[in-house]
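*Asks:* Listed below, chain by chain, are the residues.
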Amino acid sequence: MTVLTTSPLIRGRVFVFGNNIDTDLLAPGAYMKGPIELLAQHCLEAIAPSFASSVQPGDIVLAGAGFGMGSSREQAAQALKILGVGCVLASGFARIFYRNAINLGLPALEFDAPDFASNGDELEVDLAGGTVRNLTRGTHAIASPMPEFLRVILADGGLMPHLAKRLGRRER
Amino acid sequence: MTLAEKVIARAAGLAHVVPGKIVTCQVDLAMMHDSGGPRRVDSKLRTLGAPIWDVDKIVVVSDHYVPAVDADSAHILQFTRGWVAEHGIKHFYDMRGICHVVLAEGGHLTPGMFAAGGDSHSPTGGAWGAFMVGIGATEMAGVLVTGELWVRVPQTLRVLLQGSLANGCSVKDVLLHLCARIGLNNDYRAIEYAGSGMADLLMAERMTLCNMAAELGGKTGIIAPDARTIAALKLAGRQDAVLDPYWCTDAEALVECDVIVELGELVPHVAAPHSPANSVPVTEIGRQKIDQAYIGACTGAKIEDLRMAASVLRGQQVANSVRLLIAPASVATTQAAIADGTLATLLAAGAILLPTGCGACAGLGAGILAGGEVCIASTARNFKGRMGASDSHVYLGSPYTVAASAIAGYIADPRDFLLTNSKASA
Chain P
1 MTVLTTSPLI RGRVFVFGNN IDTDLLAPGA YMKGPIELLA QHCLEAIAPS
51 FASSVQPGDI VLAGAGFGMG SSREQAAQAL KILGVGCVLA SGFARIFYRN
101 AINLGLPALE FDAPDFASNG DELEVDLAGG TVRNLTRGTH AIASPMPEFL
151 RVILADGGLM PHLAKRLGRR ER
Chain G
1 MTLAEKVIAR AAGLAHVVPG KIVTCQVDLA MMHDSGGPRR VDSKLRTLGA
51 PIWDVDKIVV VSDHYVPAVD ADSAHILQFT RGWVAEHGIK HFYDMRGICH
101 VVLAEGGHLT PGMFAAGGDS HSPTGGAWGA FMVGIGATEM AGVLVTGELW
151 VRVPQTLRVL LQGSLANGCS VKDVLLHLCA RIGLNNDYRA IEYAGSGMAD
201 LLMAERMTLC NMAAELGGKT GIIAPDARTI AALKLAGRQD AVLDPYWCTD
251 AEALVECDVI VELGELVPHV AAPHSPANSV PVTEIGRQKI DQAYIGACTG
301 AKIEDLRMAA SVLRGQQVAN SVRLLIAPAS VATTQAAIAD GTLATLLAAG
351 AILLPTGCGA CAGLGAGILA GGEVCIASTA RNFKGRMGAS DSHVYLGSPY
401 TVAASAIAGY IADPRDFLLT NSKASA
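Sequences listed follow chains P and G, in order. What the first sequence shows, in the numbering used here, is residues 1 to 172, in sequence order. What the second sequence shows, in the numbering used here, is residues 1 to 426, in sequence order.
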């Protein structure tokens, strides 16, 4: 698995969004037929046209309430994962998106501090302890703890590697 | 316990559950469609190398990429058929209608069931007293292998519907009203619809209520079964259906809160772009011109929805500047609309009939919007770019309001047209 899902520390620049970032913004319907890599290039383009081209591996998304609302399409979480997003911090998640993110090995933490950072600030997230540091501002805050069994799924790299382990089969 | 808690407790093999507790439930039915189903779970199942836990409990529906409009969508449908054949799935609906509607038509859902659907509008199943949640493709792969799904037991937010709807108003207006009133972030809550107004509501109306629990952010929507539920199940071929009074929220059960809606005081609502929460009474919208009127989707194109539209369009003509597109929610819906004259009324008014399927509501198939265009739709969602170009604009309304707007050429109050029609027929 990638370092991002197993490393306890995630460090990157932050992209800040508002409330109710929906699945049509994250995974536009027009690209749902095609390969996920192509769809990912259009992730959030309706509100942030340069997001997909400027986000770097390990970068962090910080948003308000209702992140990922709408469709059950897991391409919404998968697009962020493919772009290399290291962690999504949001005041609240739509439940299907939250589950999809964990299942795909994309860390998603409930973090109710939408003003904690400005676009481009350097953040560091400690997944195990839930501490979020704003290295640019020199501040920190604590995210809501994730249930233990979800942390195990995340540490395994997502639901499929987790199940493979549980079923006693090695992932190919 | 609440109704939702009772279903979860049964499925988890527990005598009692409380909100906040995380439990593992046995899944009674798993539904997936052509978009999030076989094409997305197949490689995961191969990787796991494990058999499907129970093929009899799986329903597959091709409704998103139907009918194929290009080689890519044709391939997705072909793959779905091949996968269903390979795995011996008996319950397969290929271009027969939208998944949530064909599940109901096929009598697949009964009171007390715990079901998972690979679609966010899966709460629709709650109309039958089932607890049905939407999940993504990886989670579905997990369900297919283990037959299990974890849930955090939700609080129950109860919506009490009282009285009866005024002429020209529908349950869609109830939901649009609720989207503005209680917002879209009711995460991790079961939304139970109850109250004295429930007895009068048809199963199709109950399906619309539960369907749009998804827009409210709820984990699911649910309604206690009654005599109407059982009668409808028998019509759908479930002769074994009986009314079990256990499937209800106990009088002493703790609900998080009650939201009371006086149906008789409700007026037609319209949600402005780009959120269902931007909903206001239609009278406050102003003279908003439209390019397209769309009656479609699991939310707004069942036979009862088409009848609402027809009651407004009878003897009227769609404005020259507008295209009225109608995509019935299922083949059975189209057949019923032919049988009772509804379709003839709609077509005589100038409506254009589209294939059955999720279609333009999901930004697929026919009826996509160009940049700058304005559409009013009987669908559930109007997120930015959902129905086409990212700078198109979608308003949400009831089938009555969509029909009235198609005639006027701008967003219009259906009550004005229904008044005219009833005078004309008097």
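Please note that a few of the clues may not be correct.
To list a few chain P residues with every Cβ distance to chain G over 12 Å, as calculated [as the list claims (entries may be wrong)]:
#1 Gly70
#2 Arg95
#3 Ser118
#4 Gly120
#5 Asn134
What the simulated footprint calls covered on chain G by chain P, stretch by stretch (three residues with Cβ under 8 Å from a Cβ of chain P suffice, anywhere in the stretch; the number is not a length) [to be verified]:
#6 16-29
#7 330-339
#8 359-365
#9 381-387
No wet-lab data here; the hints were simulated from the structure. Note that the coordinates shown come from a computational prediction; the quantities given were computed from them, not determined experimentally. Beta carbons are placed, not taken as given, at the ideal position from N, Cα and C, and that holds for glycine.
*Asks:* Determine for every hint whether it applies to the structure shown.
*Replies:* Hints versus structure:
For P/Gly70, the requirement that its beta carbon stay farther than 12 Å from each beta carbon of chain G is not met, with the minimum near 6 Å. Here P/Arg95 does not stay apart from chain G, with its beta-carbon only about 6 Å from theirs, under the 12 Å limit. Look at P/Ser118: its CB is around 24 Å from the nearest CB on chain G, clear of 12 Å, so calling it non-interface holds up. The beta carbon of P/Gly120 is kept farther than 12 Å from every beta carbon of chain G, the shortest such distance being approximately 24 Å.
At roughly 25 Å from the closest C-beta of chain G, the C-beta of P/Asn134 stays outside 12 Å, upholding its exclusion from the interface. Given a C-beta distance limit of less than 8 Å, the hint that chain P covers the region 16-29 of chain G is violated, as 1 residues qualify and 3 are needed. Using a Cβ-Cβ cut-off of 8 Å, 0 residues of the region 330-339 of chain G lie near chain P, which falls short of the minimum of three, so the contact claim is violated. Counting residues of the region 359-365 of chain G whose CB falls under 8 Å from any CB of chain P gives 3; the rule of at least 3 is met.
With 5 residues carrying a beta carbon less than 8 Å from a beta carbon of chain P, the region 381-387 of chain G meets the three-residue requirement, and the given coverage holds.
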